[in-house]
Every structure is written in C-alpha cells, then in structure tokens.
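Peer 1: So the chains spell out like this:
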Amino acid sequence: MALTPFQVDGKPVQIDSDPQMPLLYALRDDLKLNNPKFGCGLAQCGACTVHIDGQTVRSCVMPVSAVKGKKVTTLAGLGTPEKPHPIQVAFLEEQVPQCGHCINGWVMTSAAFLKKNPKASDAEIKTALEGLKCRCGTHVSILRAIKRAQTLMA
Amino acid sequence: MTHNLNQDNAHPTGVQQDKPEFVSGASRRDFLSAAGALVVSVASGSLPVEAFAQTAANAAPSPSVAIGTTLATISAVKPALKAEELDSWVAIQADGHVVAYYGKVDLGQSLDVAIAQIVADELDVSYRKVKIVMGNSATSLNQGGASSALGIQAGAKPLRNAAAEARRILLNLASEKLNVPVANLSVFDGVISVKGNEAQKVSYAELIGGKYFNSKVVWNKQIGNQLDVKGAAKLKTPSEYKVVGLSLPRNDVAWKVFGTEGNIADVKVPGMLHARVIRTPVAGGLADKVDESSIKHIKGARVVREKNFLAVVAAREWDAVKAAKELKVTWVAQSKPFPEFEKLHEHIRQAPTLKRSEDIKNGDVAAALKSAVKVVEAEYLWPFQSHASMGPASAVADVKAGQITIWTGSQKPHYARDGVAALLKVPVETVEAIWVQGPGSYGRNDAGDAVLDAAMISKLIGQPVRVQGMRHDGTAWDPKAPASVHRARAAIDASGKVVGYDFTTRAFSRATIDSNESDPRDSLVGMELGLPPKGGITFGTPEESYAFDNKMLAWEVIPDLIASASPMRTSHMRDPVGLQIQFASEQFIDELAYATGEDPVAFRVKYAKASRDIAVLKAAAEKSGWEPRGNAKRDRRGPLLSGRGIAYAQRAGTIVAVVAEIEVDRKTGRIWGRKFTVAHDCGLIVNPQGLRYTIEGGLVQALSRTLFEEVQFAPDKVKSVDWNSYPILEIKDAPEEIDIVLINRPEAPPTGAGEATCRVVPAAVANAFFDATGVRMRQAPLNPTRVKSVLTSI
Chain P
1 MALTPFQVDG KPVQIDSDPQ MPLLYALRDD LKLNNPKFGC GLAQCGACTV
51 HIDGQTVRSC VMPVSAVKGK KVTTLAGLGT PEKPHPIQVA FLEEQVPQCG
101 HCINGWVMTS AAFLKKNPKA SDAEIKTALE GLKCRCGTHV SILRAIKRAQ
151 TLMA
Chain E
155 MTHNLNQDNA HPTGVQQDKP EFVSGASRRD FLSAAGALVV SVASGSLPVE
205 AFAQTAANAA PSPSVAIGTT LATISAVKPA LKAEELDSWV AIQADGHVVA
255 YYGKVDLGQS LDVAIAQIVA DELDVSYRKV KIVMGNSATS LNQGGASSAL
305 GIQAGAKPLR NAAAEARRIL LNLASEKLNV PVANLSVFDG VISVKGNEAQ
355 KVSYAELIGG KYFNSKVVWN KQIGNQLDVK GAAKLKTPSE YKVVGLSLPR
405 NDVAWKVFGT EGNIADVKVP GMLHARVIRT PVAGGLADKV DESSIKHIKG
455 ARVVREKNFL AVVAAREWDA VKAAKELKVT WVAQSKPFPE FEKLHEHIRQ
505 APTLKRSEDI KNGDVAAALK SAVKVVEAEY LWPFQSHASM GPASAVADVK
555 AGQITIWTGS QKPHYARDGV AALLKVPVET VEAIWVQGPG SYGRNDAGDA
605 VLDAAMISKL IGQPVRVQGM RHDGTAWDPK APASVHRARA AIDASGKVVG
655 YDFTTRAFSR ATIDSNESDP RDSLVGMELG LPPKGGITFG TPEESYAFDN
705 KMLAWEVIPD LIASASPMRT SHMRDPVGLQ IQFASEQFID ELAYATGEDP
755 VAFRVKYAKA SRDIAVLKAA AEKSGWEPRG NAKRDRRGPL LSGRGIAYAQ
805 RAGTIVAVVA EIEVDRKTGR IWGRKFTVAH DCGLIVNPQG LRYTIEGGLV
855 QALSRTLFEE VQFAPDKVKS VDWNSYPILE IKDAPEEIDI VLINRPEAPP
905 TGAGEATCRV VPAAVANAFF DATGVRMRQA PLNPTRVKSV LTSI
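Chains as they are written, first to last, in the numbering used here: chain P, 1 to 154; chain E, 155 to 948.
Derived by calculation from the structure, the hints in this document are not laboratory data.
All figures in this text were calculated on a predicted structure; none of them were measured in a lab.
All C-beta atoms, glycine included, are put in the ideal place defined by N, C-alpha and C.
There may be inaccurate statements among the hints.
Simulated crosslink set (DSS-like; lysine-lysine; CA at most 27 angstroms straight-line) [unchecked claim]: (1) P:Lys147 - E:Lys396; (2) E:Lys422 - P:Lys32; (3) P:Lys126 - E:Lys829; (4) E:Lys388 - E:Lys422; (5) E:Lys886 - P:Lys119; (6) E:Lys821 - P:Lys126; (7) P:Lys32 - E:Lys453; (8) P:Lys116 - E:Lys886; (9) P:Lys147 - E:Lys479; (10) P:Lys32 - E:Lys479; (11) E:Lys787 - E:Lys942; (12) P:Lys11 - E:Lys355; (13) P:Lys115 - E:Lys886; (14) E:Lys942 - P:Lys126; (15) P:Lys32 - E:Lys554; (16) E:Lys688 - E:Lys396; (17) E:Lys829 - P:Lys119; (18) E:Lys453 - P:Lys68; (19) E:Lys777 - E:Lys886; (20) E:Lys396 - E:Lys355; (21) E:Lys355 - P:Lys126; (22) E:Lys453 - P:Lys147.
Calculated Cβ distances over 12 angstroms to all of chain E for the following chain P residues [claimed, not checked]: (23) Arg28; (24) Ile52; (25) Gly69; (26) Ala128; (27) Val140.
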C-alpha cells in the first residue's frame, strides 16, 4: 500500500492503495466518480479516458502511482451543465449518446484533439478517434457533433 | 380550439429539429415533401381508416368497466399495483403533472419520449407535463421490458388506453363538479372548461391531483409484450393528434454528456462488497480444487462457492479484480464440445435435425424445380456473434430475509425479478427490481446473468454485493447470436419467370436460453448450480411479400453444442436471426435478378406483392438515384472498386429498404459503406427525429456485424475475449452519409423501428460488393481477409 496525492478536477486527493492499482479504480471506487467508465480494462475502447496535464490517458491501464502530483481532469471537470465545454454542447445538440457508456471516451478524446487541432479535416478527426469503441452505432452523429463543435469553437 | 404546441418543442440547447414537422395540424404527408424527402404516395381509404377504427372498436365500453367513478369514489390511497387498476398506469399529481408508468424501458432511443407524446395527446395535456416512470417492478407492470422493437407497437397500447380512460373519467368528474353535461365541456392542457363560457372551468389537478381514480380497466390477462388494458373511453383518431408526430428531444442525453448521473455500473449501496464471478476457462469445465490460500495476501478477499458456481468478494473493487485473477483453481473438463472453428458450417450441415418447420408452403416446389429450364442455387453462411456490450454487465443485489432488492441493467427487469425469486426460492413479491440503464442492451446480453449472479452471492454471504464482469466475461460468456447455413434454390421457366422458390435455414436455435432470465435454468448460475438447461428450439424465415408460384420457406434447428453452462449458448441479439436470414435471402433474390437478366430493384418490385413494400422499394431506389444494374461488363481494374446494392424486408409490420453504396479497396480488402439510403415505413410516426437516430444506430451496428463480427473459438473455448479478438466497426468505417426517407402512414398503427433496418444491411452491402466486383460474398462477415481472398480471382 502506498499514498498517492494528486489532483482531480482541481481538487487535491490522496489515495491509499496498491501502487499498481489502475487510476480508474481510484476514480470510480475510491472517489465515487461516475464519468470514466470501465469498458475493457485493456486500453482498447477509451471509455475510461481522462486528461492528465492536458493529455488523454486510458485510466484503466495507468497505475495510480504514476499520477502522483499530476492534474487529472475527468468529464465533470471538462464542463458542467452550467458551464459546458463546446464538445458537450455539440454532443447534446446532436443527441449523440444512446446507451452512453462510451461517450466519456469520445468527448474527452475529441476535446483534447480539437484543442490542438481546431481546424482538423474529417480524415484527421477519424484518425485521432481511432480505437474508440461505440456499440450502439452512433458514429455518424459523433462525427456530426465534432463538426458542430469545430464551428462552435471557431 | 387550436393548441399551439411549438412551446413544447423549444429545447434550451437548441436541438436541431425538423421544423416542417412541427406544423400542428398539418397533414403528416406534407412533411415528407417539406423536409425535402421523397413524397411517397400513401394509400388512403380502406386500409388506413379501418386500421384505427379497429383499434377504437376494441376499446368499446365493456360491462365490467366501472363507468360510475364519481368525486366521492376518488381515493387518497393508491390501490395495489395491478393491471386492472387505472391508477397503475397513470396518475395526476397535485401540481397537474401526469405520471405514466411504463413497464418497458428506453435504452437511449426516445421510447419514453414517444410514450409521453402518446399519453399527452390522449389526455389532452401538454407534453411537458408528462413524466414517464419506467422499468421498476414496484411501480410498473410487466410489459415485457425492451423486446422485439415493441416499445411503441405493443408497449404504448395500455398506456394510450389508460390515458384516454383517465380523460373520460376526468370529464365525468368535471361534469359532476360544474353541473354541466360532458357534451358541453372541452379540455385544453389539463383544464376542463364549459364550451362558450370558458371562465367556468376546473383543472385535472383540482379534480384529482395527488389522489387516485380508484377505477378499474379491463385487463386481457396477459403479461409481457401482450399485456393490454381497455377502458370505456373512445380513443382519439390520428387527425386529432397534436403532440404525436413531433420531433421532441430525449431526456437522457444531458446526464450522459455531463456525467451528472450514473448508469448501472455506478450503483453503490452501503455495506456493499465487490464480487467477481470466476467461470471455467474451458467449456464444460468443473472447478475441482480451489486453493483459497492463493488469495490470502489480498486484504479482505475471500472465496464464495456453491457447487460449480464460484466467485470472489472483497471490500475494494481492485482487490476483487486481483483475487479473481490470482485465485488458483484446478478445472476438469470431460470433452472438447465445440467443432474446429473452420468446420463450424460443416458441423451445421452434418448435425442431426432436432426440428424442421415449413412456415410457408405454397404449391409444389419440388415439381417446379424438376421441370425448370434453369435452377439457381446458392448457400450462405453466418457466424456466431457476440453482444459484446460496451461494458461488461454489472448488477447489485441486497438479499435480506423477506426483502430482496436488485439493481439491474437487464432490459427486462420484471423478468429479472422473477428469475431472482425462482433462483433463491422466495415469493416473487419479496423481490424488487430497480432498473438502471446499462452499457448497451440489444437483447439477452450478459446483464441477465449478472443480476442472478449478484443475488446468489449476496444470499451466500449475507451482504449487499456488486458484481461486474471483466471484458473477457462479457465477450466470451455472453449469449451468442446463432451461426447458420442457408440454402436457397429457385426454378426459372422458359420465359425467365421464377416459378419455384425454396429457402431453408439450418442453424443452432435462435434461443437455446430464453430471451429473458425469468427461469434460472436459462442462467449461467442456475446451470452451475446443477439445473438442466431448458433449451429452446426455434428459428425463423424471411419476411417479405414475394409472390412466387411455388414457394417454401423452412428452417431446421440442430442441437446445442453442450448441455451445460456454455459460452456458446444462443439467445436473442438485436433483430434475432433477422440479419442471418435476410443476408442470405436478399442476396439470393439479387442473384435471381441477375440470373433472369433483370435489374435488382425492378425484379423486387415485380415480385413483391404488398403495396407498402413496393412503395418502400421505390422510395429507396428513387432517393438514392438508383440506376438499373445489369450483366454488362464493367471495368474493374482500379484500386478502388465501387458498387451499389439494394435489399428489402418486412419485420413485424414494418417495411424497410436500404441502398448501400460501397467502396472496396482491392489492396487492403477493406469495404467502406460510404453511403446508405434507407426508406422506412413503420406506420404512424410518433417522433420523427427519434426514429431517425434509431434507424441510424441500428444501421451502423448492423454494418459492424456485416463487415467484422465473428466469434472465434477453439474446440474447448471461446477465443473472442476482447476488442482485438472480436473487432467491431471503427469510426473510419462509419458511413459518410445516411439518407433516410420516412414514410409516415398516420392511418396505420405504429410498428417497431429498433430492428427492421438491421436485417437488410448485410445483403445490401453484399449485393453492392457483387456490383462492385462481380464476385458474390456468401459468407459473413465480409472482413478484409475474406475480401482479399476472393478478390485474388478477379
């Protein structure tokens, strides 16, 4: 067991755990956050995605000890109903999620990508989102939402 | 009185709506043209009006319905939850809001919105005042849960009837209160007023708000999908609808996008332990030795075992995960029950036939084949497929003496309650199922097993338990959609007419375990505790209206691979057996078109008999800019080959045709379904935008199954355990465009939309592949490896 201090959505936290425990379990089980989801535990689907110091990370395979002193942002830290991120506005307007279990991954990944590549082409967007899974088949509305977000952010 | 419902459409986030569809009172035929879509001629007259007249007639007054509800009989106490109690279906709250109790569930496709629209219209209240409570066994009746795309088709019926009955009673109560005959009253948004003197009025809330009708409706004594109730009220006709037909946004998008509420994976209850169920790594394996000392270094972790049901529990989730991974178990397996992966379809051909059913048998097919000038014959193969839901299933159970609560993502929560009661051998009244939306559910996935697992573990340890699978539990152990072999033969006469048609499927049963978990014999834990599997034996046949002179549609089911807890047991997965069957039948129809020198659209239109089917085929062809295809030689030398294909089918009253436009990359073997045009007729459209999203999602999911999905296995195990070994569609494979033509038929009762589109996608893609390459792909999935192997020949 080891103590790992870090920040989640701007608040300091400290997790006492097996240092090898993936960050996802700290967020979901210890901190009771709903947003990052367990999808595969293998970094194959993206449902657990968070930002660490601005980079997208699959929290299901990142040991909690590796985030010591870092700033973790989850979906709730990206935007709120009162102060939404443009990606969230676009996903809402396009009514994207069906079951919603994957949506954290798409929102977090596209938010980080568009921040660096606001004018990305369709092909670049598709490449950036490769590896994310959606089982309900909402891909077409996801692409519509990202285009909409690009307009909102322009 | 006209009621401007545009206020109901206003959405704070400005969701893009189909404006033309909002015009209240406008003919719904108008919106097709107004929205820029194809105008399809709608058969008016006989069929339409009759269809609804029939519905209204069914709701005629019945002697057993209490017509005499008065102000004095209103009760402050809610009657027990029974189908024949009007209060079980609708309630008027003190503030005038209406609550409708829906015994099905919405899984992100606007069903709750559509039900609220229907209730709002029948009750004459604005949409905003209607709240839908769904899925919980304590507050709703068993309407079958999500099932067979019947959410509106069957699920709306009792709610519509109950809402109309509530309105009728409210008018009677107002008549009593205002001392004015009902005929002189009118209703506007939950306020009943006197015609010509609208100041004299009383609201629903003033009449009954917060209290109960204490009135009976007539129950048809069915439970599940068929459950219906009738009152004495006359139902509205489609021309009176104000809210039905509008594109209203969903209620569950915001919390999903902001993560402000959780789904089933987020349910936590005080004192709860985390559990992981440990299932045999080899099919049919039994746990011989369990070395409990192998996890003693993990704090608080312990083994829970009953017969062949094995699990670990721990206070912290990660400790349960570690314990499941590190627990040493010796498994003993008697045999290797599965065929070699490559020999799956040979196994299906050779296995004994458990049952043969000839669902359609017109004329003498054998004689027609014998005397044919030409016989066309083909065989098509479909693999096992996995639900592979977005997250492995989870569930929470709190089993206390005399009081059991389960939280489940099962799409049939009432049946989950029944299954838990039967498994634990307790009265069903002592179990309450609370439904929480899960990580996708398109049939009998792993959620039904998770909830029974959780209940059994909670009972064994006497504490609340949360169960969740790992990825391999979900993909390897969920029930599978059955693999199949389809053989089709057709007789063609000297004039080129198809005079004989034989389509026979051989397959594993569509559901070796039932499509719900109400019987523990249909659950993994039940079988692990020694219950023999119940076993279902059925399949299905193509749904179309082709009028061939001699026609046989048949199926044959072969035995399941093992009679115990099997990772290859089959059950319902979105549009059960529809993709398999129509992949074959609609490809074969295409083959017949080419064999007789006809264009695939023209051939279908020529032989399809039902007028609505023909309208759908023509709509898809016209909207897609279909150009007749033929046998003329094509230049196929480029690196990218492109082609178009069409397929059509019926599904339980809904008719859909899809034109696929694909590109085939000769070098990589990748098929890209670039554009799809869908023509869709599901009768009366309740919520056009919700319908569009439902069609889109179903289409893309079916495209994934067409191009990529195939359960890998060895003779003793399932080898598809994650997204690498069970690949699905990636965003680069998503269509560039899905063009949807909605054919609205207000005169026809609404039918399902969640599954019909799925079944025509595989053949539309395969037919487009033939158009592009000149080669038939008669085995799914059409993955790059298979495509490359067939393209070497051209």
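Peer 1: What's the verdict on Lys453 of chain E and Lys68 of chain P, does the C-alpha distance respect the 27 angstroms limit or exceed it?
Peer 2: 23 angstroms, holds
Peer 1: Does the no-contact call for Ala128 of chain P survive, Cβ to all of chain E over 12 angstroms?
Peer 2: Its Cβ does come within 12 angstroms of chain E, the nearest being 9 angstroms, so this is violated.
Peer 1: Between Lys821 of chain E and Lys126 of chain P, is the straight-line Cα distance small enough, at 27 angstroms or below?
Peer 2: The given pair, whose Cα atoms are some 20 angstroms apart, holds under the 27 angstroms limit.
Peer 1: Hinted pair, alpha-carbon criterion (27 angstroms max): Lys777 of chain E, Lys886 of chain E. Please report holds or violated.
Peer 2: 25 angstroms, holds
Peer 1: Given the hinted pair Lys126 of chain P and Lys829 of chain E, is their Cα-Cα distance within 27 angstroms?
Peer 2: 17 angstroms, holds
Peer 1: Would you check the hint for Lys688 of chain E and Lys396 of chain E, treating anything up to 27 angstroms between C-alpha atoms as holding?
Peer 2: 48 angstroms, violated
Peer 1: With a cut-off of 27 angstroms on the C-alpha distance, tell me whether Lys942 of chain E and Lys126 of chain P pass.
Peer 2: Within the cut-off at roughly 24 angstroms; holds.
Peer 1: Between Lys115 of chain P and Lys886 of chain E, does the CA-CA distance stay at or below 27 angstroms?
Peer 2: 21 angstroms, holds
Peer 1: Quick check for students: does the CB of Ile52 of chain P sit more than 12 angstroms from each CB in chain E?
Peer 2: Since the minimum Cβ distance to chain E is about 18 angstroms, Ile52 of chain P lies beyond 12 angstroms and the statement holds.
Peer 1: Can the restraint linking Lys396 of chain E and Lys355 of chain E be considered satisfied, given a maximum Cα separation of 27 angstroms?
Peer 2: The given pair, whose Cα atoms are some 22 angstroms apart, holds under the 27 angstroms limit.
Peer 1: Does Lys886 of chain E sit within 27 angstroms of Lys116 of chain P, going by the straight-line distance between their CA atoms?
Peer 2: 20 angstroms, holds
Peer 1: Given the hinted pair Lys32 of chain P and Lys554 of chain E, is their alpha-carbon gap at most 27 angstroms?
Peer 2: 25 angstroms, holds
When held up to the earlier numbered hints, the structure conflicts with 1, 4, 9, 12, 16, 21, 22, 23, 26, 27 and fits the remainder.
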